[in-house]
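Taking the hints into account, I'd like the entire structure generated from these sequences.
Residue numbers 1 to 328, in full-length UniProt numbering, belong to the letters of the sequence shown in order.
Quick caveat, the hints were computed from the structure, so don't treat them as lab data. For every residue, glycine included, the Cβ atom is placed at its ideal position computed from N, Cα and C. Any given hint could be a false lead.
[Said to hold, decoys possible] Beta-carbon label-pair distances, calculated as ranges: (1) G107 with N178: 37 to 43 Å; (2) S302 with E223: 22 to 28 Å; (3) E322 with V297: 18 to 24 Å; (4) P141 with P184: 28 to 34 Å; (5) D296 with K180: 32 to 38 Å; (6) E185 with S302: 40 to 46 Å; (7) S103 with R163: 34 to 40 Å; (8) D21 with K180: 26 to 32 Å; (9) Q124 with K180: 20 to 26 Å.
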Amino acid sequence: MPEMTYRDALNLALKEEMRRDPSVVTWGEDVALYEGSFKVTRGLLAEFGEERVKDTPISENTIVGVAIGAAMGGLRPVAELMTVNFALLAMDQLVNHMAKISSMFGGQVHLPMVVRTPGGGGSQLAAQHSQSLETYFMHCPGIRVAVPATPADAKGLLKSAIRDNNPVVFLEHELLYNSKGEVPEDPEFLVPLGRAEVKRPGSDVTIVAYSRMTVLALQAAAELEKEQISCEVVDLRTLSPLDDATFIASVQKTGRAVVVEECWRTAGLGAEIAFRIHAGCFDTLRAPVQRVSGLDVPMPYSRKLERLCIPQVETIAAAVRELLSKKY
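Next up, the structure:
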């Protein structure tokens, strides 16, 4: 199995789906001639031409709106927003139209479209360009939300998202683009939407994470293993729909859970996961669910302060140690 970067895995997924299905098209700011701000669309214009790979004006609301119309007309558009922070300019199209049209037409219209967008903090891009807005999208019925952590999942999930008849917001963490991993060559390799995965088995505590936090959780688990602490790491991979069964089964086995999220703590994803774990594992929980979250502040530019705002390997490990040290 070849090793490739997260960026190249996404690029391969796009190429394979565009070769397989002529109705798959892509557009966004700088995706054609410049080949994408993060080079995910490299080579697409040369292979598929300007009819299927288009640069757009700087108008996020229009980029998503045109994709909605194209999807209703029979295409499978993959719209790229340069960063998730700019998705705020397209929230009317995303929430009021993309999420609702199929229901408002009584299911007679499908919207097979994907909105790809990078996000997350850690690159010293300050308050307006370092946000983790996944809870905004998963809060809205009608939108599927994918958050791959590894190159293989990036390829498999994006291909599934393109083939799905429902709109999918596909969130790529900016700090994962250069990460490497083995990726199946099979052009029919798919990772189903709504299916979490146990990335590392363990017996003492379950760490539930997603996107880049999965990578940090695995590093924390490796550190804790040196202290004879066995962590099971569950990667959610999709936030809507959530795969409750996988993380609940894991917590029923270990009896303890730490939920790790990069987004803001208040009303964040961790609160929802913690509730579902308490509801599904009340009889087997040996301690209250712990949360490791981003701080409730606008992201600072200073590298040291930014690091304090985002969960790190050591903060995840410390939360696990604290959870195991308490007697209930």
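Evaluated hints:
no. : hint                       : verdict
1   : G107 with N178: 37 to 43 Å : holds, 41 Å
2   : S302 with E223: 22 to 28 Å : holds, 26 Å
3   : E322 with V297: 18 to 24 Å : holds, 22 Å
4   : P141 with P184: 28 to 34 Å : holds, 32 Å
5   : D296 with K180: 32 to 38 Å : holds, 33 Å
6   : E185 with S302: 40 to 46 Å : holds, 43 Å
7   : S103 with R163: 34 to 40 Å : violated, 21 Å
8   : D21 with K180: 26 to 32 Å  : holds, 28 Å
9   : Q124 with K180: 20 to 26 Å : holds, 23 Å
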